[in-house]
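A.B. asks: Each chain is listed here by its residues.
4 protein chains.
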Amino acid sequence: MNFKSDNAAGVCPEIMKALEVANIGFATSYGEDDYSKQLAKKVAEIFEHEVTIFLTSTGTAANCLSLSAIAPAYGTIYCHTNAHINTDECGAPELLIGAKLTVLGGAAGKINVQDLENQILFDADIRPHASKPAAISVTQLTEGGTVYSLQELQNIHACAQRHGLYVHMDGARCANALVSLGCTSAQMTWKSGIDVLSFGATKNGAMMAEMVVIFNQELAKDFDYRHKRAGQLLSKTRFEAAQFLAYFEHDLWLKNARHSNAMAQQLAAHMTAVPGVSIDHEIQGNELFVNMPSALADYLLQKGAHFYSWGPGVYRLVTSWATTAEEVAAFGKFVAGFKSASY
Amino acid sequence: MNFKSDNAAGVCPEIMKALEVANIGFATSYGEDDYSKQLAKKVAEIFEHEVTIFLTSTGTAANCLSLSAIAPAYGTIYCHTNAHINTDECGAPELLIGAKLTVLGGAAGKINVQDLENQILFDADIRPHASKPAAISVTQLTEGGTVYSLQELQNIHACAQRHGLYVHMDGARCANALVSLGCTSAQMTWKSGIDVLSFGATKNGAMMAEMVVIFNQELAKDFDYRHKRAGQLLSKTRFEAAQFLAYFEHDLWLKNARHSNAMAQQLAAHMTAVPGVSIDHEIQGNELFVNMPSALADYLLQKGAHFYSWGPGVYRLVTSWATTAEEVAAFGKFVAGFKSASY
Amino acid sequence: MNFKSDNAAGVCPEIMKALEVANIGFATSYGEDDYSKQLAKKVAEIFEHEVTIFLTSTGTAANCLSLSAIAPAYGTIYCHTNAHINTDECGAPELLIGAKLTVLGGAAGKINVQDLENQILFDADIRPHASKPAAISVTQLTEGGTVYSLQELQNIHACAQRHGLYVHMDGARCANALVSLGCTSAQMTWKSGIDVLSFGATKNGAMMAEMVVIFNQELAKDFDYRHKRAGQLLSKTRFEAAQFLAYFEHDLWLKNARHSNAMAQQLAAHMTAVPGVSIDHEIQGNELFVNMPSALADYLLQKGAHFYSWGPGVYRLVTSWATTAEEVAAFGKFVAGFKSASY
Amino acid sequence: MNFKSDNAAGVCPEIMKALEVANIGFATSYGEDDYSKQLAKKVAEIFEHEVTIFLTSTGTAANCLSLSAIAPAYGTIYCHTNAHINTDECGAPELLIGAKLTVLGGAAGKINVQDLENQILFDADIRPHASKPAAISVTQLTEGGTVYSLQELQNIHACAQRHGLYVHMDGARCANALVSLGCTSAQMTWKSGIDVLSFGATKNGAMMAEMVVIFNQELAKDFDYRHKRAGQLLSKTRFEAAQFLAYFEHDLWLKNARHSNAMAQQLAAHMTAVPGVSIDHEIQGNELFVNMPSALADYLLQKGAHFYSWGPGVYRLVTSWATTAEEVAAFGKFVAGFKSASY
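Chains as they are written, first to last, in the working numbering: chain G, 1 to 343; chain F, 1 to 343; chain E, 1 to 343; chain L, 1 to 343.
There could be a bad hint or two in this list.
Pairs count within a copy or across copies, as identical chains cannot be separated in the list.
Said to hold, decoys possible - Subject to a maximum C-alpha distance of 30 Å in a straight line, what follows is the list of computed DSBU-like cross-link-like pairs (lysine-lysine):
#1 Lys17 <-> Lys37
#2 Lys42 <-> Lys17
#3 Lys37 <-> Lys303
#4 Lys17 <-> Lys303
#5 Lys41 <-> Lys333
#6 Lys4 <-> Lys37
#7 Lys41 <-> Lys191
Calculated from the structure, these hints are not laboratory results. Since the model is a prediction, treat every value here as computed from it, not as a measurement.
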């Protein structure tokens, strides 16, 4: 019963198998292998758009490199105050982009568009004392476990267009968001105004496979230099590309995401059956932020469930491709057991 | 007959097997897994010294992070003009360290110690107009394919000590150097004054496994922040650590290095049998820099051998754990064939 | 009637005279002149403490250099959301320090200490995902025109000490704050836990004279390199030092500050006599944030008064050493005139 | 007899007077004053070209900001190994530009164009492992005290054009070079392919007045942000602009430069009259690099002359606007006196 993080899960078997196959023989290094070339075509197909892609070993690198293509060092990037780039990347954006982050509030982990508009106007007005308004970064799944609707993305895009800003999507869990929205990859990204996407696969079954997907081809110019300079050009690139090829084969990525989303719904059903327990925000992906009595949390942890405390009285539970219905059922029994014992 | 790079080889079977084993079940992410903990102990054992280690996905990242611990952003790092950090890392040192590189000449890819001494004195004299002399970086195997002797390393260390500088070793091919010297890991590193080592495994049979080994424990303070901030803290760290554990098991790393060094010697024997062909520097590792007529080079390439041109009339051939005696023999036949045809 | 900024005033005559005197003859450059040496002693006297000083041409440079001594590039600096370093320095902190800013709210332009405490605890807890809690920056006068009391400074210092952080004071208008508090320079700085001070003179009568004052001498080590590297080591340093020597002579700096503070009080008296006009925060220095009808603002601007709009319905008026009682009286007449005309 | 540096001289009287005049009354800060506006027009006139200008307080800042407009952070800037940006700016280029410097040799302080060509080709060939070839920086007067001829500048420009690079001129002593060449400002700069110029006035009679002159207007876009972010946007800009206006009035700058160049020639005549004394390079500006016996150097220093040792047996003497014919004559007597005493 490990609900600590989708990172605690291993690599799904299809991807592990693909690594073995890719290991046969010699392959030119630094992106000149056949796997890398094949992947570029596959991603274009999936997104129904010309793309340039770059592979990275972490989401932090994918985010910061993506943003470095759309914000100059003297620019600022608007993001939610809870955005991963603001809270969990140890200043990597300031290092790898140079640019400043300007944080905004907003309910359910989503940027409030009116606040965004006001802040951009304010910053532009005092040029050059404030950094140049350059880009907006949205996280999909948000850090609140919610999903921006296509309309919400388009509202942000409209604001970006009014002021000449680019839009980035941190898609560490974009597969979960995509199956939640039930739309196409194109609809959730470039058709909603996304210029650059950090496309994560690690949390959804890969070993270490993150990707920058550039839709706006002007932004791809010289990106190879940025990528190399950040220490992200791996030598044996076939082993990154092969992970992604397996990830896309037979829609494995969507299958995995649907599974983990479904597991999250089942978990939620067990939790909310307990009086005094509530869940923050609508569950739209594979993350639950649960308000529960610490006695219940302690009881569950003691029973062998793993999850993190996420502030006073709040706990985060995350499901993954590897979460089984059996685990969830077993967890449900403990929850129910506590319920009957306590009330 | 692929002699392009040791990066063109795949992953050796022992390491691939280890990845499969490591994939079983859940494991806490971000270095809190059992593999990572076990590895820290193993590395201390190998180097007979207290160490702090950090894993990275590229050698560029390992080098720059290592150096960031020993050179402040206002410092300078002395290195050979051909050093990988100077020629092949696209400004990553300037980005990830902040510091300036000051380049020095020297025969056979090795820093000339008298020039080093003079440059440090000059820079210190005009403080603060020149950057602060902070660190020296040596590459072992050098970029010329040669090996610094223990005495040469100690001479550099003595210079460093006279002026209060730290010493870093770029060990992308350190296993090849180690077996060439026939000394212990301790002797080639901390006993010769190395403070921080970039320890590479990718070129010698791993998939993507590089490591920063810090001997001077004061330098390890806060390194976790540097590592995370550079986008190098992977989530599923077990898959990095497991590669290294297999790499060290039964001295696989030394076995692989001995093999590739031996293959390089055999290759050299074939080449030098041809009149008009010579080899730059003594071959001390798995790299050959061969001066040969372009007609010969073209002939070999046409016969299916792969290697890079390395300047006018110079060609680089690299062997690896995956190079077979059969390949080398086949290559030797082509070399011999060209000889008889041409003269 | 220029109340746009204390930067719109010129150089006070005593300082202009000092520049002429300093111009006689040759003087060694880069801080080796007699003026620079004399200044170092003078500042130590004023602050009753050993100090190391560095002169800069802008407050932005003074702030960022000060902070670079107390926050590593992987650290974070806590400041008020309205802090000049956050809103008006175009990402200079991110560039010159490397570090990330973490913004906090708080009434009257002052950091809320409980929020500060919570944020530090949160960031430390998720190490190394969040940047290292490193420093706190307070502005004195705050950006709200208010003054931190000695007790308030000490509360921040206590929080800093609990977590091992340094404290920086942005003293662009510290003379105004000092005379407002009526304490000694020592009391407002190192006796209240300030490690490094950005000491501004430009706004209070100098031409271009800002200074970093380091109280904690460990932090002064290598600062000369930081200073040079940021492009702030002027060649003809005598002309910077001479400004400060004149600024301190016969307490000119305190005299100027008392004058501008008094002018601000008089301005305020005129404004608040008008019904419907109010002033944000207590006036403790030389800045007024006035809520007034736009009709009144327009009327005053039309009459030749200069001041800035500072958001909807809010206007900022700033006095300086050069503001005359006559100007203020003339302004008062217009204010009174508008009053009788409108009501 | 102060020949240490042109920085040891004070401010010439015309400029000091201009500062006093500029001090009258209020003036809008941050470049919105009338002096700044007038200066922009004047510089366009002098260079017979549309220009955008930015003022800085140091040459280091002017150089690095200039280069930041023509080299991306992932780029490299080619310069002579003795270039001020390489040897005397403490890593400011790496900080303020981000980019890497690639150093080249060349006689008399001038870049060897064939070496330049080869290095650019090499770097481009291994893209993206080497930084992107982005810009070339030449110093005029060179660090050897020599002057690039117009033809030499055009040869560098031709190389730049072949590879799509920009060209920067570090003109810390460009007035001395200009009067030496006897050409127009336009000829020495944009007509010879210079895109951006660091135009220094401090060494030639100003107090602290350096300027970035951008000829290629595409490069001026967003430069205001770069300028502010580097801590170089002074508040009381009128005092920078007024220095330059006086500097250009009645060709004061050219008059000063002609004077110091003439003084250098006279100094040289005295020195070379001594057997055993020689001068490195042709004297084309206001700097002499003199090879002389240390006995002579010691004798002169003891007689009250001031100059710097510049390596074993080499001494640098610099003249300025403030050097008088009397000083030079007095120095000449000492030189002659030593001669008769010693031989």
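A.B. asks: Between copies, within a copy, both or neither: which fits Lys41 and Lys191 at Cα up to 30 Å?
C.D. replies: The answer is within: 19 Å in one copy meets 30 Å, while 47 Å across copies does not.
A.B. asks: How would you classify Lys37 and Lys303 at a CA-CA limit of 30 Å: within, between, both, or neither?
C.D. replies: So Lys37 and Lys303 pass the 30 Å test across copies only (25 Å; inside, 48 Å).
A.B. asks: With 30 Å as the alpha-carbon cut-off, assign the pair Lys17 and Lys37 to within, between, both or neither.
C.D. replies: both (20 Å within a copy, 27 Å between copies)
A.B. asks: How would you classify Lys42 and Lys17 at a CA-CA limit of 30 Å: within, between, both, or neither?
C.D. replies: For Lys42 and Lys17, both the intra-copy (19 Å) and inter-copy (29 Å) Cα distances are at most 30 Å.
A.B. asks: Is it within a copy, between copies, both, or neither that the alpha carbon of Lys17 lies no farther than 30 Å from that of Lys303?
C.D. replies: Answer is neither: 34 Å inside a copy and 33 Å across each miss the 30 Å cutoff.
A.B. asks: Are the CA atoms of Lys41 and Lys333 at most 30 Å apart within a copy, between copies, both, or neither?
C.D. replies: Neither: 47 Å inside a chain and 40 Å across chains, both beyond 30 Å.
A.B. asks: At most 30 Å between CA atoms: does that hold for Lys4 and Lys37 within a copy, between copies, both, or neither?
C.D. replies: Classified as between: cross-chain Cα gap 19 Å, same-chain 35 Å, threshold 30 Å.
Violated hints for the displayed structure, listed by number in ascending order: 4 and 5.
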